[in-house]
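Given the sequences, and given the hints that come with them, work out the whole structure.
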Amino acid sequence: MSSSPLLDETGHQVEYDPVFLHAHREAIIIFSVWVLALLWAVPYCYLNGYTSDFDVQRDTMLGIPSWVLWGVAVPWLLADIFTVWFCFFYMADDDLGEAHEGADIEEEIAELHAAPQAAGEKGAEA
Amino acid sequence: MSAPLPHILPVLAQASSNAALITFLIYTLAVFGLAAASNILLRKKSFLSEYFLGSRSLGVWAFALTFAATSSSGGSFTGFPSKIYTHGWVLALWIGSYMVVPICTMGLLGKRLNQIARISGSITVPDVIRDRFLSAKLGLLAVSLIVFFMSFNLVAQFKAGSLILQTLLNGVEPFSKSAVWFGQQIQGIGFLENSLGPEYLLCLFTFGLAVIIYTTYGGFRAVVWTDVMQGVVMVVGVLILLPLAISQVGGMDNATRQMAEMSPPRRGRATLLLAESERPAQHVVPMGTWVTVPNPDGNRPQLLRVITTTVIPPEQNRAEDVAVLEIVTPGDIDTVLSRVKAGHEQLDDQLSVVDIAHEPYEYGTEPDRKGVYVTGPGPSPSSQHGFLPLSLAISFFFMWAISGSGQPSNMVRLMAFKDSTTLRRAIFTVAIYYTMIYFPLVLIFCCARVLMPGMEAESDRIMPAMARFLTENIGWGWLAGLLVAAPFAAVMSTVDSFLLMISSALVRDIYQRNINPEASERIIKRLSYLFTLLVGSAAMLGAVNPPDFLQDIIVYTGSGLAASFLGPMVFALYWPRVNTAGAMSGMIAGFTAHLSMYFTGMFVNGSFFRPYRFMNFDPIIVGLVVSFTMVVVVTKLTPPPSEKLVRKFFCKSK
Numbered sequence: 001m002s003s004s005p006l007l008d009e010t011g012h013q014v015e016y017d018p019v020f021l022h023a024h025r026e027a028i029i030i031f032s033v034w035v036l037a038l039l040w041a042v043p044y045c046y047l048n049g050y051t052s053d054f055d056v057q058r059d060t061m062l063g064i065p066s067w068v069l070w071g072v073a074v075p076w077l078l079a080d081i082f083t084v085w086f087c088f089f090y091m092a093d094d095d096l097g098e099a100h101e102g103a104d105i106e107e108e109i110a111e112l113h114a115a116p117q118a119a120g121e122k123g124a125e126a
Numbered sequence: 127m128s129a130p131l132p133h134i135l136p137v138l139a140q141a142s143s144n145a146a147l148i149t150f151l152i153y154t155l156a157v158f159g160l161a162a163a164s165n166i167l168l169r170k171k172s173f174l175s176e177y178f179l180g181s182r183s184l185g186v187w188a189f190a191l192t193f194a195a196t197s198s199s200g201g202s203f204t205g206f207p208s209k210i211y212t213h214g215w216v217l218a219l220w221i222g223s224y225m226v227v228p229i230c231t232m233g234l235l236g237k238r239l240n241q242i243a244r245i246s247g248s249i250t251v252p253d254v255i256r257d258r259f260l261s262a263k264l265g266l267l268a269v270s271l272i273v274f275f276m277s278f279n280l281v282a283q284f285k286a287g288s289l290i291l292q293t294l295l296n297g298v299e300p301f302s303k304s305a306v307w308f309g310q311q312i313q314g315i316g317f318l319e320n321s322l323g324p325e326y327l328l329c330l331f332t333f334g335l336a337v338i339i340y341t342t343y344g345g346f347r348a349v350v351w352t353d354v355m356q357g358v359v360m361v362v363g364v365l366i367l368l369p370l371a372i373s374q375v376g377g378m379d380n381a382t383r384q385m386a387e388m389s390p391p392r393r394g395r396a397t398l399l400l401a402e403s404e405r406p407a408q409h410v411v412p413m414g415t416w417v418t419v420p421n422p423d424g425n426r427p428q429l430l431r432v433i434t435t436t437v438i439p440p441e442q443n444r445a446e447d448v449a450v451l452e453i454v455t456p457g458d459i460d461t462v463l464s465r466v467k468a469g470h471e472q473l474d475d476q477l478s479v480v481d482i483a484h485e486p487y488e489y490g491t492e493p494d495r496k497g498v499y500v501t502g503p504g505p506s507p508s509s510q511h512g513f514l515p516l517s518l519a520i521s522f523f524f525m526w527a528i529s530g531s532g533q534p535s536n537m538v539r540l541m542a543f544k545d546s547t548t549l550r551r552a553i554f555t556v557a558i559y560y561t562m563i564y565f566p567l568v569l570i571f572c573c574a575r576v577l578m579p580g581m582e583a584e585s586d587r588i589m590p591a592m593a594r595f596l597t598e599n600i601g602w603g604w605l606a607g608l609l610v611a612a613p614f615a616a617v618m619s620t621v622d623s624f625l626l627m628i629s630s631a632l633v634r635d636i637y638q639r640n641i642n643p644e645a646s647e648r649i650i651k652r653l654s655y656l657f658t659l660l661v662g663s664a665a666m667l668g669a670v671n672p673p674d675f676l677q678d679i680i681v682y683t684g685s686g687l688a689a690s691f692l693g694p695m696v697f698a699l700y701w702p703r704v705n706t707a708g709a710m711s712g713m714i715a716g717f718t719a720h721l722s723m724y725f726t727g728m729f730v731n732g733s734f735f736r737p738y739r740f741m742n743f744d745p746i747i748v749g750l751v752v753s754f755t756m757v758v759v760v761t762k763l764t765p766p767p768s769e770k771l772v773r774k775f776f777c778k779s780k
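Those protein sequence lines, which keep their order, are chains A and B. Under my numbering, the letters of the first sequence match residues 1 to 126, in that order. Under my numbering, the letters of the second sequence match residues 127 to 780, in that order.
In case anyone wonders, no lab produced these hints; they're calculated from the structure. Warning: the hint list may mix true and false statements.
[Stated by the list, open to error] Straight line, CA to CA, 20 Å or less: simulated DMTMM-like cross-link-like pairs of lysine to aspartate or glutamate:
| # | chain 1 | residue 1 | chain 2 | residue 2 |
| --- | --- | --- | --- | --- |
| 1 | B | K778 | A | E15 |
| 2 | B | K770 | A | E111 |
| 3 | B | K467 | B | E452 |
[As the list claims (entries may be wrong)] Listed next, with one range per pair, are the computed distances between beta-carbon atoms:
| # | chain 1 | residue 1 | chain 2 | residue 2 | range |
| --- | --- | --- | --- | --- | --- |
| 4 | A | L112 | B | R652 | 15 to 25 Å |
| 5 | B | T726 | A | S32 | 42 to 52 Å |
| 6 | A | Q57 | B | A401 | 40 to 50 Å |
Glycine included, C-beta positions come from ideal geometry on N, C-alpha and C.
Dropping the structure here:
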């Protein structure tokens, strides 16, 4: 975010939109969770599953290789639990506003008409 | 033949094949019904916003399932099962980042992107970029990249859809007859004759016309509604297959125990010899036929599978240089022989095999390496580092979760949901949906390794083959029709979205925003229908003689789009200081860096589709790092954007 405060036309400081602030905060948390998932799943699987010493009796749980169970399946369930918490207890319910359908096109049409008008005025002044 | 196919087999196959045809017809009718309904809605609303964005009014189920179905292309039900079958349990790690894919791909950008699109009235992704930076040049650059990548991808997806449909209808009598008739009609038309055969062409035109018509007629809402239906088909298919697979393999314990004993098959080439007593006009050895070589010590015979249909000409007794696959795991040999006895597999006992020249796997067949299917990095026929070395495992964590966030087809959907409550609930829904699909697929196709040995040569067909195998074993062959509709649904839902993205880029971003902003709604409406029709038809014709490297094209375009769009979009949404120069350089640099890895691969590895991997990482990582860095550096070196623009998109409206 910009370090210098933003000012409106009258020189008063303006506030950042709460939707922007909430979304920004939520994005940082989501990205952190992705990093956490990466830092758990890949090293755990690599350290425990990339081996030629696999013993079915010792290294299998619930019919699944233990390294898959603890490296992927259990984190997957935890990620789902986190998703429930994040979606229902953390993420802000923001008003995203009304859609200004056609606003961009209207601006362009206005500019399109303003350009020849301005050129005409300049011509008249000259 | 020691065990010629009994009469019951064709009957069973026919029952499930006819079910496939009926399923396909019902499915297509339902799709057209949805398109008609959405066209009625289209007449009541603002055309462009409704046709390309569903009037930003998607509710939880529509938004969640269209997002999930569009992201799951045909690869989820063809390429992914094939990889699980070929490489084993390590695919759980390969797909592991899907645990956070829903929250990343929807949550990272969703809320802000939807808000910014509402503020500016944007309908497409290039629209958002153009409005956010007030730059027509940047908008045009975005359009060019989307049209470039999506066009290639669309052709590849059309080919994938046709191949899946062909697998689905394979063996259905009306289809076979129609293909023969169609083949006669196109004789002499070089362009069509040089294609992949009349069966493929018939499927291409059927699939292509169905998608083009319903997408053109119904627009975005038709695409969303059909996505919902397709999403349901996919999850129902997986949830039926899972218990069938686990029970028929004797429990996951048994599956993993048997997989731990497996060694990769040996590919090779051999000479087939026909017994002296058998000299018919010609001897046809169909693809998939098993041949045994007796073991002198009386133990299990050597067991090989012929992997291309081979003809031994009249008055000859041999065919040389035939591609074969040798099964070496004793348990697998016993399974195949018992299936031969039961009449489920075809074995030609008039043949013997000599002069076998093996082409060993690069990784996984070493004598001291045990349990390659239950440990990492998984066996690989072509890489000495195995299927998933550490660097690639990291790359795939980026690929699915981060690169998925940078797909314009996902971004469009993020602009279409109704409110933030919908977003919250949809993230949860997709998380549960993916959990019900992807991990179960790993379990199902690990079971397939045990139940159906010797499918390596045609592993892309493992999904329909497994569906047929499981349902016929319990006497419900008709159910296979529903199950094999899942991959077809997946590819259809991807194609329709891409089609609409390209036509929206042409109508909205090029015609309306650059050529004729004052075009009437009537003209825009006609052009939208026309361009959707033209783009679809062009892609369909492009797929008549499709390029090879189907999966490679899909990977290249998907990662290229992410490398070009993710950086500029993240900064556009979250960094008020970012300016046009920064965004433009990030987009160009991401595209170029990613492309350069592929060009370098052409010189270093001999093929464009074998990209150079810097420090063994996938090109997507290089593209993303370069793109993000360039946005920051160039923005810092150039003047900030106007305060008016920043206020518009980042500050409270009064």
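Now for the hints, and whether the structure bears them out:
1. In summary, the hint linking K778 of chain B to E15 of chain A is supported, as the alpha carbons are separated by about 6 Å, within the 20 Å threshold.
2. Straight-line distance between C-alpha atoms of K770 of chain B and E111 of chain A comes to about 16 Å, which keeps the hinted pair within the 20 Å bound.
3. Distance restraint check for K467 of chain B and E452 of chain B: the Cα-Cα separation of roughly 19 Å lies within the 20 Å cut-off, and the hinted pair is therefore satisfied.
4. Checked against the hint of 15 to 25 Å, the C-beta distance between L112 of chain A and R652 of chain B comes to roughly 22 Å, which is consistent with it.
5. A hinted range of 42 to 52 Å is violated for the C-beta pair T726 of chain B and S32 of chain A, which are about 34 Å apart.
6. In this structure, Q57 of chain A and A401 of chain B meet the distance hint of 40 to 50 Å, their C-beta atoms being roughly 46 Å apart.
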